[in-house]
Amino acid sequence: MTAVATRARLLRESADGLRMARAVRGLWPRDDWAGRVVRRALVEALGQAGGRREPERIRAVEALRRELAASDAVIERIDFGAGDGDLTSHGPYHDGVEVVHTIGDFCRGSCIAPAWSRVLFHLVREAAPVNALELGSGLGLSAAYQGAALELNGHGRLVTIEGAVPLADIARVNLARLGITTVEVVTGRFREALPPVLERCRPLGFVCIDGHHDGRATLDYFGAVLGVLDLDSPLLGRFDQDDADGLATTVELLLARSDMSRLISGPA
Numbered sequence: 418m419t420a421v422a423t424r425a426r427l428l429r430e431s432a433d434g435l436r437m438a439r440a441v442r443g444l445w446p447r448d449d450w451a452g453r454v455v456r457r458a459l460v461e462a463l464g465q466a467g468g469r470r471e472p473e474r475i476r477a478v479e480a481l482r483r484e485l486a487a488s489d490a491v492i493e494r495i496d497f498g499a500g501d502g503d504l505t506s507h508g509p510y511h512d513g514v515e516v517v518h519t520i521g522d523f524c525r526g527s528c529i530a531p532a533w534s535r536v537l538f539h540l541v542r543e544a545a546p547v548n549a550l551e552l553g554s555g556l557g558l559s560a561a562y563q564g565a566a567l568e569l570n571g572h573g574r575l576v577t578i579e580g581a582v583p584l585a586d587i588a589r590v591n592l593a594r595l596g597i598t599t600v601e602v603v604t605g606r607f608r609e610a611l612p613p614v615l616e617r618c619r620p621l622g623f624v625c626i627d628g629h630h631d632g633r634a635t636l637d638y639f640g641a642v643l644g645v646l647d648l649d650s651p652l653l654g655r656f657d658q659d660d661a662d663g664l665a666t667t668v669e670l671l672l673a674r675s676d677m678s679r680l681i682s683g684p685a
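The sequence shown begins at 418 in this note's numbering and counts up by one.
These aren't lab readings, by the way, just hints derived from the structure by calculation. In this text, all values refer to a predicted model and were calculated from it rather than measured experimentally. Worth double-checking, as some hints may not be accurate.
[Unchecked claim] Label-pair restraints from in silico Cβ distances:
id, residue 1, residue 2, range
1, R453, E493, 43 to 49 Å
2, E601, V491, 23 to 29 Å
3, A641, E515, 26 to 32 Å
4, R594, P472, 14 to 20 Å
5, H572, V517, 39 to 45 Å
6, V582, A487, 22 to 28 Å
7, R633, V491, 30 to 36 Å
8, A480, P620, 17 to 23 Å
9, A480, G571, 21 to 27 Å
10, G644, G605, 16 to 22 Å
11, G464, G571, 20 to 26 Å
12, T598, E479, 18 to 24 Å
All residues carry an ideal CB built from backbone N, CA and C; glycine is no exception.
Construct all of the structure, not just a fragment, from the sequences and the given hints.
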């Protein structure tokens, strides 16, 4: 890694750390169970605290991330909602757009950043769910963090849903390479795959929604998940910084609902 690339990475991680520090101070002032879970997870992610096995698991996933980020292998897939807003703005449940890109481009541009991946890891460690759900598998990196946390917890399973068949296949391979056995990758569009998953995975103790980044669709997914979510269980909603059209409305509507006080919003 060049000096310029190293400096850029450190600046990004510093910015993520500042955002997390602000979240510790102001996002979760409550002293209920969910508030304590989130505060502890954020503090631990900032300090990379934890037992000896936790850094080992994190290093393994990050080594795989670096490999994927350097990959020139080409993927052809149907994008159902996580891609360019100009292509996917015709409606929340469009028929998809065919896209072509390298694994490296996708990893660098669409995978959750290392700092927020650590937040995910520690949230799952603290929440200790029996059943967990992720919408948007991508390359499997965020699922790997969550799956590693579940293994260290000694119990729990994660189901992650991915609409693009090539990405789902890559996610399965990556999870197998890391030796993570606590994660099941389900292939299918969220609106079709989610109902049967919710039926067999209730009650949910942790949910990460990080796919189909459309405000209206996100509201639908949150509504479906709330029906089977454990009382006070954390939800994690990631919203793209450039999703100006849907972001403000979605966050405003979610936070306006009393049962959405558990929402965490983390940048990419």
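Each hint, compared with the structure:
1. Distance hint for R453 and E493: a CB-CB separation of about 45 Å, consistent with the stated range 43 to 49 Å.
2. The supplied range of 23 to 29 Å is met by E601 and V491, whose beta-carbon atoms lie about 27 Å from each other.
3. For A641 paired with E515, a C-beta distance near 27 Å keeps the hint of 26 to 32 Å intact.
4. Hint check: R594 to P472, Cβ distance near 19 Å, so the stated range 14 to 20 Å holds.
5. The supplied range of 39 to 45 Å is met by H572 and V517, whose beta-carbon atoms lie about 41 Å from each other.
6. Checked against the hint of 22 to 28 Å, the C-beta distance between V582 and A487 comes to roughly 23 Å, which is consistent with it.
7. For the pair R633 and V491, the supplied restraint of 30 to 36 Å holds, since their beta-carbon distance comes to about 32 Å.
8. For A480 and P620, the hinted distance range of 17 to 23 Å is not satisfied, since their beta carbons lie about 35 Å from each other.
9. Between A480 and G571 the CB atoms are about 24 Å apart, so this pair conforms to the stated range of 21 to 27 Å.
10. In this structure the supplied range 16 to 22 Å holds for G644 paired with G605, their Cβ-Cβ distance being about 19 Å.
11. Between G464 and G571, the C-beta spacing of about 23 Å keeps the proposed range 20 to 26 Å intact.
12. Under the hint 18 to 24 Å, the C-beta atoms of T598 and E479, about 20 Å apart, fit the expected range.
Checked against the numbered hints given earlier, this structure breaks only hint 8.
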